[in-house]
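If you read the protein sequences in the order shown, they are chains U and B.
Residue 1 is where the first sequence starts when you use my numbering, and the numbers rise one by one after that.
Residue 1001 is where the second sequence starts when you use my numbering, and the numbers rise one by one after that.
Bear in mind the hints are in silico, worked out from the structure with no lab data behind them.
Glycine included, C-beta positions come from ideal geometry on N, C-alpha and C.
Check each hint, because a few of them may be wrong.
[Said to hold, decoys possible] Okay, the calculated bits of chain B under chain U, using three or more residues with CB under 8 angstroms as the criterion: (1) 1336-1344; (2) 1444-1456; (3) 1501-1514; (4) 1529-1538.
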Amino acid sequence: MAEITINAKKYQVNSGITILEACNRLGISIPTLCHDDRLEPYAACRLCVVEVKGKKNLQTSCSTKIRDGMVVETHNKRVINARKEVLDLLFSNHPEDCLTCEKAGGCKLQDYCYEYGVEEGTYVGEKKDYHIDDSNPFYTYDPNKCILCGKCVRVCDELQCTNAIGLGNRGFDSKVVTPFDLGLATSNCVSCGNCVAVCPVGALTPKKKEKYRTWEIRKVKTTCSYCGVGCQIELLVKGDKVVGVEPARGTPNDGLLCVKGRFGYSFINHSDRLKAPLIKRNGEFEEATWEEAYDLIIDKISEIKEEYGSESFAGLTSARCTNEENYLFQKMFRALIGTNNVDHCARL
Amino acid sequence: MMITIEMLNEIKKKTLKTMTLRLEKKNNGISSINKENVSDKKHVLICGGPGCHSSGADELKKRFEQKIDKEELTDVNVSIAGCFGLCESGPNIEIYPGGTFYSQVKIDDVDEIVEKHLCRDEVVERLLNEGAIKEENIKPVFEVDFYKKQEKIALRNCGIIDYNSIDEYIALDGYQALAKALTEMTQEEVIDIMKKSNLRGRGGAGFPTGRKWETAFKYEADKKYVICNADEGDPGAFMDRSILEGDPHSVLEAMAICGYAIGSDQGYIYVRAEYPVAVQRLKTAIKKAKEKGLLGENIFGTEFNFNIEIRLGAGAFVCGEGTALMESIEGKRGMPRPKINRTAHKGLWGKPTIINNVETLANVPPIITKGAKWLKSIGTEDSPGTKVFALGGKIKNTGLVEVPMGTTLREIIFDIGGGIPNGKKFKAVQTGGPSGGCIPEEFLDTPVDFASLGKIGSIMGSGGMIVLDDTDCMVDIARFFLDFTVDESCGKCVPCREGTKRMLEILERITKGKGTPEDLDRLESLSEAITDSSLCGLGQTASNPVKSTMKYFRHEYEAHVKEIRCPAGSCQELLQFFITDKCVGCTKCANNCPASCISGNLKERHVIDTEQCIKCGTCMEVCPVGAVIKK
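Can you build the whole structure from these sequences, using the hints too?
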């Protein structure tokens, strides 16, 4: 344990953690745009700076570890001025389209500008003017809104391990790019959307099938139905309609998803979706009850098995079923019907 | 092959015979020549430094050899060595005995030198360096003002030995320090001597080298690394380049000593690809050191192994920053890391790593052989030893100088540098490159060391020194350095990426006459914020050129924004061209004006329409009577 003084108040905290972690645990709010506790400290946005007694320059709380006897100021004038300057600089090179931005309400830059009273970007000069990359079917990348926190690149590298994107150019011209800046469609992006999930601003946004504002939706936590991993997801529900999916933190996926869980939700409200079993009668499919359907299946299986034997069966199941469902299906084939002729489409 | 100390001494003895004449230079004229031991009677030494190399040193050598052959002179040696330092007057050559100093020698001058000087012992006066003649007396090179106040440690072999000859390096005590460290000293003893010498890092920050080594030594790990930071990138700085090109073995030897001290067997030299000559000479040096067994396995029959590899930088200034440099070696984008771990604990690939600058390393071997006391007898208490500076800008003797710490700026600029050319007045000196500041005349008597330059708003930095005269606009100088920093910012952290750009835009507005008094306040608050909150040294020091010029030359900034006037007459867009009554009405200005904004009849005074004038200065250039002035 270490004793530290934060804003003239003494605290006992675990040694070995950063100032930011300590403040989070103590309920002291420190702004940050580039920090993610699942990633290596990056210290690029400089918004989490604090004053540490004995240090000449301000220190980033995300990358400075607690030491016994440390004296920290998290909200004095010098610190606040530095944060305001950072926000001003960022906003001066950012589109002023918050009214129509998809991220409005969920944008960290917006939140912090509000918190620190930065009403406008006061620096007049060159502004980003890049082409918007719309080539990915699931999400849009608008480099003009990017604040270069690097989270997307680091998630893709450190957690997703796909390395589809990286930083290109240098200095003021830095930009998140795919190899040779040829666009997302040509990259090895697997459309997992984990970059979209961590983007603190409106640079990476999911393509929406239905318009919604962040304050119009409620989040319903559930388990992804695509496979047996059991990823935790949050359904974004507007009225009674699922309009989007976001990954949830915690076991087992800790904020990550694959393309299926993240973007494959449109079947929920799809007009082709079956909601009851269908039985073909007189050449036409007709809606039936589950009891009728089960009875029919049992009859057919018994009949065929008796007449042609077990090996006359073959079963194919779907990757959209859970592992448990697939397990039950093959068990039914092997134990009940008595054949190994069972397979799985293994693709989406 | 395994080398022994006896073999090293044998090479030394043998090679010294061919070098004796040249050593007059090293000993400042005190000739220890034992004629019996000299294998040649005359020695022509050609400067192979960056400047002289590009202006044809290699061709000069060839021509000398051809002519000497033709004249059938059998006892004349010609060799090419590292930088002599006085780049302004290159290509430079020296002839021994005597140390006659010829400058700006062209290929066609060679025959004359051979015929007169080498054949008949007549000095070719017209080719003598300007500083080598005083009141008709011919002075040897070591008495020329430029060299007199210099003291050479890092550059001790530059300009004397042939950079491609490992034997010549050995002849001047090369690899003796490594031999001593490996066979007579423990790791602790090597570190102790470095700590006691208080050698401070010459790359800019001045961190004590011995303490750095000790930290890495004490940290246990299965692998440790030694890195030589040769990513010299300050505009106008070429100290490290000259050492790498003129005396590459001094760096290799020092890296091996460091490797022994901290327990590392692998070194990397991170050198910029823009230094192809240095890279080539380093490669040759590494190959030769390996052949002799001075690098590789079981050096001097001990259990110590050490290898060195070269890694090329791709032109990013920020890769001179230690953590960005390591990222680059690891194959990643060159961006600084957050300072969570010490490099001496977790550096390259997470292993304990020592990064020393070229000049720092070049100081190491003599400290090991001569001891800590010797270094402390030179320079100041706080900053022992010497420092190499690259003198540039508005100075007579552009070149490379090495002086004891504590030498004043005035001595460097006026006594060694020869002052300001063309009768202009000294205005300021910019030290430390883009991270440094501008020092005005009132501080010229400041002794140069790490602390004193910091106190007056600049830094020692790696040793760039750019002299400015009264025609240099200080706002424009600040703009120049900011322009460099904006280009070289890696783009990782917000204050540096966005802030330096905005600072540059404000400075550009001011130099174009579009600045406002509020811009000055903005510059001040922005530069504070950038210094206070940037990630690495590049951002933290990027505002220094602005801060120091605003501190000492605020009146120039104010003249730009309040009177829309550039006092130095340097900012083109703020100038106004006028035609005075000296005008004879020759019409030349009007005929040559690309904007056709000069009117007037033949033999009558002409007038410039200042609204239309594009301030190109053509009228001023073509006026035969000097009637056009700018103000």
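So, going through the hints one by one against the coordinates:
Restraint check on the region 1336-1344 of chain B versus chain U: 3 residues with Cβ-Cβ distances below 8 angstroms, three needed, restraint holds. Counting residues of the region 1444-1456 of chain B whose beta carbon lies closer than 8 angstroms to any beta carbon of chain U gives 0, which falls below the threshold of three, so the coverage claim is violated. Check result for the region 1501-1514 of chain B against chain U: holds, 3 residues qualifying (beta carbon to beta carbon below 8 angstroms, three or more required). A stretch counts as covered by a chain when three or more of its residues have a beta carbon under 8 angstroms from one of that chain; for the region 1529-1538 of chain B and chain U the count is 6, and the coverage holds.
Hint 2 from the list above is the single one not met by this structure.
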